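Participant: Go ahead and model the full structure; you've got the sequences and the hints to work with.
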Amino acid sequence: MRAALIGLCTALCLSALGCGGHGSSPFVSTPGGSTTAASNVVSVVVDAGPTSTSPDVNTLFTTVEVCSPGSSTDCQTIDHIQVDTQSFGLRVLASALTVALPVQAAAGGGSLAECTVFVDGYSWGPVALADVNIAGESASSVPLQVIGDPSFPNVPASCSGQAPVEEDTVASFGANGILGIGVFTQDCGPQCVTTAETGFYYACTATLCQPVTVTLAQQVTNPVSLFATDNNGSIIDLPSVTAPGEVNLTGSLIFGVDTQTNNASGTETVLTVDPQFGYLTAVFNGQPLTMSFIDSGSSGIFFTDTGIVQCTESNFSQFYCPASTLSLTVTLQGANGVTANIGFSVDNAETLASDNPTFTVLPGLTGTNPVSGSFDYGLPFYYGRRVATVLENGTTSLGAGPYVAY
Amino acid sequence: MLNVRSTMNVKKCLVAGGVLIAALTPCIAAAALGEPEASIQTDALQLRGSINVTEHAGYRLHELQLPSGTLVREFVGADGKVFAVAWSGLTPPNLRQMLGRFFDPFVTAAGAGRKDHSHLQVRTGDLVVQSGGHMRAFAGRAYLPQSVPNGVDLGEVR
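Taken in order, these protein sequences are the chains called Z and C. Using this note's numbering, the letters of the first sequence correspond one by one to residues 1 to 406. Using this note's numbering, the letters of the second sequence correspond one by one to residues 1 to 158.
Hints may contain errors.
As the list claims (entries may be wrong) - List time: in silico SDA-like cross-link candidates among lysine to any residue, alpha-carbon distance up to 20 Å:
(1) C:115 - Z:340
(2) C:115 - Z:166
(3) C:81 - C:58
(4) C:115 - Z:358
Calculated directly from the structure, the hints in this document are not laboratory data. Keep in mind the model is a prediction, meaning the values are calculated, not measured.
Facilitator: Here it is in structure tokens:
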């Protein structure tokens, strides 16, 4: 009965992106008048994203609701929030936000702001608090970043020097926000508690922002860890994709692992990751690549193989363009020593795009990796798999996090 | 092999510059890539790092351990100039500082278009920047291809 109700709720949630939160009760009433557990499933989609002028590929989105802390009416549902298993915490573009959220105070005075550094760019804005509702899950007073807030117009030079491109608009960011549900609880962790790092947290007055230490509780925090239940991790469940790709793809993001009947572990392969950086090892072409990771936020499979022809068109520089599709294998190796052979295809990126201009789901999109010791297995890893990400303090029937299992 | 070890942990700039270092104005306008070896001292000041220096075939290596735990490595050729920098750790170092006069060309070449958050590769005529990783785990390098000493394997630049 319980399973059937959860299944029903799952189906209902899947029928509308962003099910749950206010306006639709997360609870299911039974004929006897009691209630069952809240839904822990939200729909996710791979599509072109929020801006038609610069469509995304291999980018996974969901919908979240944010509310002013304590309010049940001052709420907003925001779609096209990217789902990212290699960042930590929720970030929302100010231009996509209509509800007012209180900015946290920095230690020693001023408002707390953050410089979020990605490899390709930086995002600047205040660290606010919001109640976050996703599916039937809720977390209160979650520290999150508001990116590109016009009240914080001056990006410190020590922030803009961290990466080349300012990503403070929906168009430059590629999403209305990002939901970081990777293995870590905070986006910085203990280091920012003790050291005022440049390129992390800042205390801002009207005229000046300077690096500041920040407690773990004030840091931008993975909302999963703050849910009342289902808080040890999450599962991304995407259907398999027919080669060479599809226009869109819809699947599920399930919260908790071994906390409900719909997220029970079975015989999955568990790959633990190192507790400091979240890396695992990928053995590719006989080389152990110790800075490797599985990342729903990466739009392809990125590795170095000098034997594969790179594309020549400028838009595709650093992508691979073999004359015909290649079938390769990489061996993933967890910090626990568990290994798994994973086969994947290397398509011709230029042909993929030119033959399938409407496709946003491209499992064979591959490119070079700028770091010689790294294999970045992006969203294509999740196609046709059910992949669990268990948090650093999470435990399941299969063991303790941080780990990835499929 | 000669081993020179000089450890320093400098916060004078912070003291002298006060809040300026954290704000908009660099305390000292100098940088490492393409600059004389002495500029590494400036990097150590700006980045608040401690330095360890070792000699290798074809280059001298300065390793800066930053307070964040990020390791920065600067490679100096026989001409006394920095031909490469590399980093790994919690956060990248300040690339404006590390790349110096090459930072603006780097930004221009990286372009305003949206890319992937996990990797970036920029090649201009006289500069290569290769950067990757994810939040809480970054690695990368920048080098001047025309200045890499003969016989030095780029595989060592990491």
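Participant: Evaluate each hint against the coordinates.
Facilitator: Comparing the hints with the structure gives:
1. C:115 - Z:340: Violated. Residue 115 (chain C) to residue 340 (chain Z) sits at ~30 Å, over the 20 Å cutoff.
2. C:115 - Z:166: Distance ~12 Å between residue 115 (chain C) and residue 166 (chain Z) Cα, so the pair holds.
3. C:81 - C:58: Roughly 12 Å separates the two Cα atoms, so the pair holds.
4. C:115 - Z:358: The given pair, whose Cα atoms are some 19 Å apart, holds under the 20 Å limit.
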